[in-house]
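Novice: For the numbering used here, add 50 to where a residue sits in the sequence shown, where the first one is 1.
Don't read these hints as lab results, they were simulated from the structure.
Backbone N, C-alpha and C define an ideal beta-carbon position, used for all residues, glycine too.
Some hints here could point you the wrong way.
[Unchecked claim] Straight-line alpha carbon distances no greater than 20 Å define the calculated SDA-like cross-link-like pairs of lysine to any residue that follow:
1) LYS235 <-> LEU153
2) LYS235 <-> PHE212
3) LYS235 <-> ALA184
4) LYS235 <-> GLY211
[What the hints assert, rightly or not] Listed next, with one range per pair, are the computed distances between beta-carbon atoms:
5) ALA184 <-> ARG146: 35 to 45 Å
6) PRO109 <-> GLN309: 40 to 50 Å
7) ASP425 <-> ALA152: 23 to 33 Å
8) GLU350 <-> GLU102: 25 to 35 Å
9) GLN438 <-> PRO306: 25 to 35 Å
10) PRO306 <-> ASP77: 14 to 24 Å
11) ALA343 <-> ALA165: 24 to 34 Å
12) GLY85 <-> ALA379: 25 to 35 Å
13) ALA152 <-> ALA106: 34 to 44 Å
14) ALA180 <-> GLU324: 31 to 41 Å
15) PHE185 <-> ALA127: 20 to 30 Å
16) GLY149 <-> GLY205: 49 to 59 Å
17) GLN438 <-> ARG283: 46 to 56 Å
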Amino acid sequence: MPGLPPDPGAPLISGIGVATGFGFGKDSLRRGLYGGENAFDRLRRPGRQCPEGSGAGAPFIGVELPEVPALLAPRVARSAGLGAQVAVAVLDEAWREAGLAALEPERIGLIVGGANLQSREQMLARQAYAERLAFLPPRHGYGFFDTDLAAVCCGHFPIRGFAHTLGGASASGTLAVLEAVAAVKSGRVDACIALGALQDVSMFDLQGMRALGALGSERYAGQPGLACRPFDRDRDGFIYGESSAALVIQRSDSVPAGQGYAAVAGGAQLVDGERGTNPSAAGQRRVLAAALAQAGLAPEQIDYINAHATGTPRGDDTELELYRQAGLAGAWINASKSLIGHGLSAAGAVETAAVALQMRDGRLHATRNLDNPLDPALRWVRGEPREQAVRHALKLSFGFGGINTALALRVPGERG
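When you get a sec, could you build the whole thing from the sequences and use the hints?
Specialist: Rendered as structure tokens:
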């Protein structure tokens, strides 16, 4: 496929804010990814573990965030949920880096990727007020909507263009990036923030996903660091990880030279008609082809893939089939979930941030626990980080309900 001329107006990631189990901020994420160790342990937030005697199995493991920076005014903080407080923290980092204070508030938009974001806090509220409903705080009447998270962000920052939430299960964060790109390309706003919101899961959510066979890991309950094993023969499911990320999208020609991360060259979202959890190889091939076509790229031009890589048996097998059949066997592949866990709604945005940081660094993090790859012939980054220049990268995200997404990223200023 012939190269295309440079596109000076291509949407660009101009600011990143992120929170994972490694801490708040891009530097914490970099250190954690390149350090190669995860922090998986028993989940400890109230409402995350099933009661003794419930028959639910081993305690749930994963990774939770450290203390959230106190950025909200005390009056707002008292009524804001965990997800909203985390959203403000990551948005603050991205906002400052992109210099959004210099823009007209009416020219800034916000898309919050995620749905059913406050399950744990709603469960705790039901438990606390079930016998005294008359005393339920009035704020619950608006706070249970996911849009309250967007409202908290727009109250803290001068965002006056548009703001809404967007749900796509575990593809929500990537969908938010796609919609932010579309808003900037259309001229609707000058800058749009794609925010992958923290999915605050409860024990019911975790147990439901365990019952589906999607959530690990009873096998590694005594050795949590070994639990998340994408593309390894001993994988047994995904491991939950609290996380969130904000990515500021602007036109390349509006960002000072050298200040952007990666240009979004193309992207797509397509469904395959599956209601439940079954992935579709055909659906994944279609969305990949659509994203590459929009970017003007051939599969062999892709240097690096940040895989969806949940570590579920069916999911990993289907994704490997995609790489082999789509001509991507020459790309380097890693799996960020092996280190930060699966952020569900947030995952696509957090992992897109990881892609952009690695592209800037010219370095790819290793996939943890990839001891016996399902397909040793593919180019896995494992053992140690790899120094690697990346011109073109792919980020893939798939969600329950047959939702398939793909993003093609490239070095700023290049095309094709």
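Novice: Taking the hints in turn, state whether each one holds.
Specialist: Taking the hints in turn, this is what the structure says about them:
1. Between LYS235 and LEU153 the CA atoms are separated by roughly 17 Å; this keeps the pair inside 20 Å, and the hint holds.
2. Under the criterion of a C-alpha separation no larger than 20 Å, the hint pairing LYS235 with PHE212 is consistent with the structure, at around 15 Å.
3. This hinted pair does not check out: LYS235 and ALA184 have alpha carbons roughly 49 Å apart, beyond 20 Å.
4. Between LYS235 and GLY211 the alpha-carbon distance is near 15 Å, which keeps this suggested pair within the 20 Å criterion.
5. Roughly 44 Å separates the CB atoms of ALA184 and ARG146, a value that falls within the hinted 35 to 45 Å.
6. About 45 Å separates the C-beta atoms of PRO109 and GLN309, a value consistent with the hinted range of 40 to 50 Å.
7. Distance hint check: the CB atoms of ASP425 and ALA152 are about 48 Å apart, inconsistent with the given range 23 to 33 Å.
8. Checked against the given bound of 25 to 35 Å, the beta carbons of GLU350 and GLU102, roughly 55 Å apart, lie outside it.
9. Against the hinted window of 25 to 35 Å, the Cβ-Cβ separation of GLN438 and PRO306 comes to about 26 Å, which satisfies the hint.
10. For the pair PRO306 and ASP77, the supplied restraint of 14 to 24 Å holds, since their beta-carbon distance comes to about 21 Å.
11. A hinted range of 24 to 34 Å holds for the C-beta pair ALA343 and ALA165, which are about 29 Å apart.
12. Range check, GLY85 to ALA379: about 28 Å between beta-carbon atoms, so the 25 to 35 Å window is met.
13. Separation of ALA152 from ALA106 is about 51 Å and departs from the stated range, judged on CB atoms against 34 to 44 Å.
14. At about 36 Å, the CB distance of ALA180 to GLU324 agrees with the hint of 31 to 41 Å.
15. PHE185 and ALA127 have their C-beta atoms about 21 Å apart, which keeps the hinted 20 to 30 Å range intact.
16. Taken as a hint, the range 49 to 59 Å is violated for the pair GLY149 and GLY205, whose Cβ atoms sit roughly 21 Å apart.
17. Remark: the range hint 46 to 56 Å for GLN438 to ARG283 is contradicted by a beta-carbon distance near 25 Å.
The structure fails to meet hints 3, 7, 8, 13, 16 and 17 from the earlier list, while all remaining hints are met.
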